[in-house]
Amino acid sequence: MTMSTNGLLKKLRVSKPSGKVRHQHPFSTFAVTTWLVIFAILSLIPMIWLVLAPSKTDKELSYRSPYAFGSFKGYWNAWKHLRYFDNGVIGTWLVNSIWYTAAIVIIATVTASLAGFVISASNVKFKKTFLISTLIMMLVPPVALVIPLFVEMDKVHLVDNPWSVILISSLYPFGAFLAYIYYTTSIPAELYESARLDGCNDFKLFSKIALPLSTPLISLLAFFAFIGNWANYFMPYVMLPSSQHYTLPLGLGFLFLSTPAINPGVGATSVPIYKPEIALAGALIAVPIMIMFLISQKRLIRGMLAGSIKE
Amino acid sequence: MAKTKHYRHNNGAMYLMLTPYVLLLFFFGLLPAILGLLEIPKPSMANANGGWDAFKIVVHDFRFAPAFKHVLGFMAIFVPLMIFFVIGMALMLDIKHSPWKKWLRMAYIVPASISGAVAVLVWYVILQPTLSPIKGALKFFHLTESTQIWQQKNLVYILAIMAFFAVAGNWILIQYGSLQSISQEILEAARVDGCSVFQMAVRIKIPLISKYIIYMSVLVFAGGLQIFVEPQLLNGGIYSGIADAWSFDQLSYNLAFMQGDFGGASALSILLLIPSLLGALLVIFKTDMFEGAQGHIKKKNIEVQGF
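Read top to bottom, the protein sequences are chains W and E.
If you use my numbering, the first sequence corresponds to residues 1 to 311, in order.
If you use my numbering, the second sequence corresponds to residues 1001 to 1307, in order.
Simulated from the structure, these hints should not be mistaken for laboratory data.
Ideal Cβ positions, reconstructed from N, Cα and C, are used throughout, including at glycine.
Do not take every clue at face value.
[Claimed, not checked] From chain E, some residues computed to sit far from chain W (all C-beta separations above 10 Å): (1) Ala1033; (2) Gly1073; (3) Pro1111; (4) Thr1144; (5) Ile1149; (6) Gln1152; (7) Gly1237.
[Stated by the list, open to error] Below, simulated DSS-like cross-link-like pairs (lysine-lysine); rule was C-alpha separation at most 25 Å, straight line: (8) E/Lys1101 to W/Lys298; (9) E/Lys1135 to W/Lys59; (10) E/Lys1056 to E/Lys1042; (11) E/Lys1135 to W/Lys127.
In isolation and in its complexed conformation, chain W is listed as follows:
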């Protein structure tokens, strides 16, 4: 044990040393493992239902097991039925979701990485003010300002224009902070200095030195921007009242309201939108995020803990 470890243990008031290494009781190990597995199964149930539901018909959903698979044709039928709704507006919602999210991911990633680079590699003024305001914005939920943002967008006539959502959501303080931490710690100042001596100007310093070394950062920024915006509901709900501008999550909410699928208040309609169709729309929103989460598990942890700087 080193001196510092001793000091730390003393500080943490660890019980008196007994000199024996204690082993966990086999029963408690078993109980812990069982609980961990049970929670994993519970975690999977909602997604399993969501993915399997569109393979069945509405009737089958009531009498067959929730875990039974219907048929692949079921997915196709559910999609065909969704296309009947409002002249295939589901396609528009899907395209809207893709392009709004893509635009946000690109603008947010570019602006945040540039900001992080500048703050770490230059001596611009008001650095501290900039960092503190970025941290505050990062910790305050974006929906806190929805009403004032609506007032602002109304003044510049951007309500019901997709750019209102794209621009607002492109403010990415968390990304700027991650970029700052990344550039501060991954690229030594000496590298910038020697590049400057070799005649690099500041733009080249970013494009030729920082950017080629930024692959992990860019993928991290794009990941968080994607998961934060693909399923976003509140901001588009307030800013985009026309159904032509809806995203998939807004469209799903609209389907709840206007079809009898899960809303007993709506009478029978000629459009065959029932639970399998609604579940398919839900799966179109949830599955891309799930895939991103599963392939980017480590990015999630790295990103969320990157603020932590330890000596």
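With the hints as your guide, set chain E onto chain W.
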């Protein structure tokens, strides 16, 4: 921090590269807060004479007290549940490292993809005794009719469970990650000194990750306070009237878009912003979570997790 002070070169290009982000920060961070404040004293139907009475009027609105009660009840379940459960799960995952545990971690992250509108759909089905994938469990608790479950008085619990499942998995992984940052040397020393698994968790691991716990608590609290989508969709799309103006954000939305009272809605937004801001300031200034950002640490001594 990269020190470039001895280069007396023009920073114009640097400012140019910083501008897009600063513009976004100004227009969508600072300006709306100012506009919100300016909107409050304007005369409206509710506040005919205008002025800062808007705050008093919104607090005395007949829907404010019920919304306060709902959100308080929801937070009283959601926040402690999140903190204790997440930390407990992360500690359990951390007890012994086995390669198969990565599959558990993958499973925990799956519910995070089910949020907002999709969560409403999925939980509608889960809590529908005829359709539910957990029919057996509902039957065990004698819940055979959806009307037994979908009642106004149960909403705090239902919404707390929905919110919990949407965020718990992510935080379990993040806190598990924070536990990985504890030096093996310290843990080994404690083990040799005879610490039990429980003592190790309570006396060593939790104190060492306390800043991450505060960070999580602030984000979970601030997020929970702004609950909107789930009650709004339940109210409008499934069970009409079950959650009308149930949360603060719904009340704020109704004030603005049903009554045209943007002053009252802005006043409520600003009131809600205060606890979130205080939480943010607590994390920034009272923990060392972001101390590197404040320039307290010399570059050569810092190490950032993850990168």
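Going back to the hint list, which numbers does this structure go against? Going through the list in order, the structure violates hints 1, 3, 7 and 11 and respects the others.
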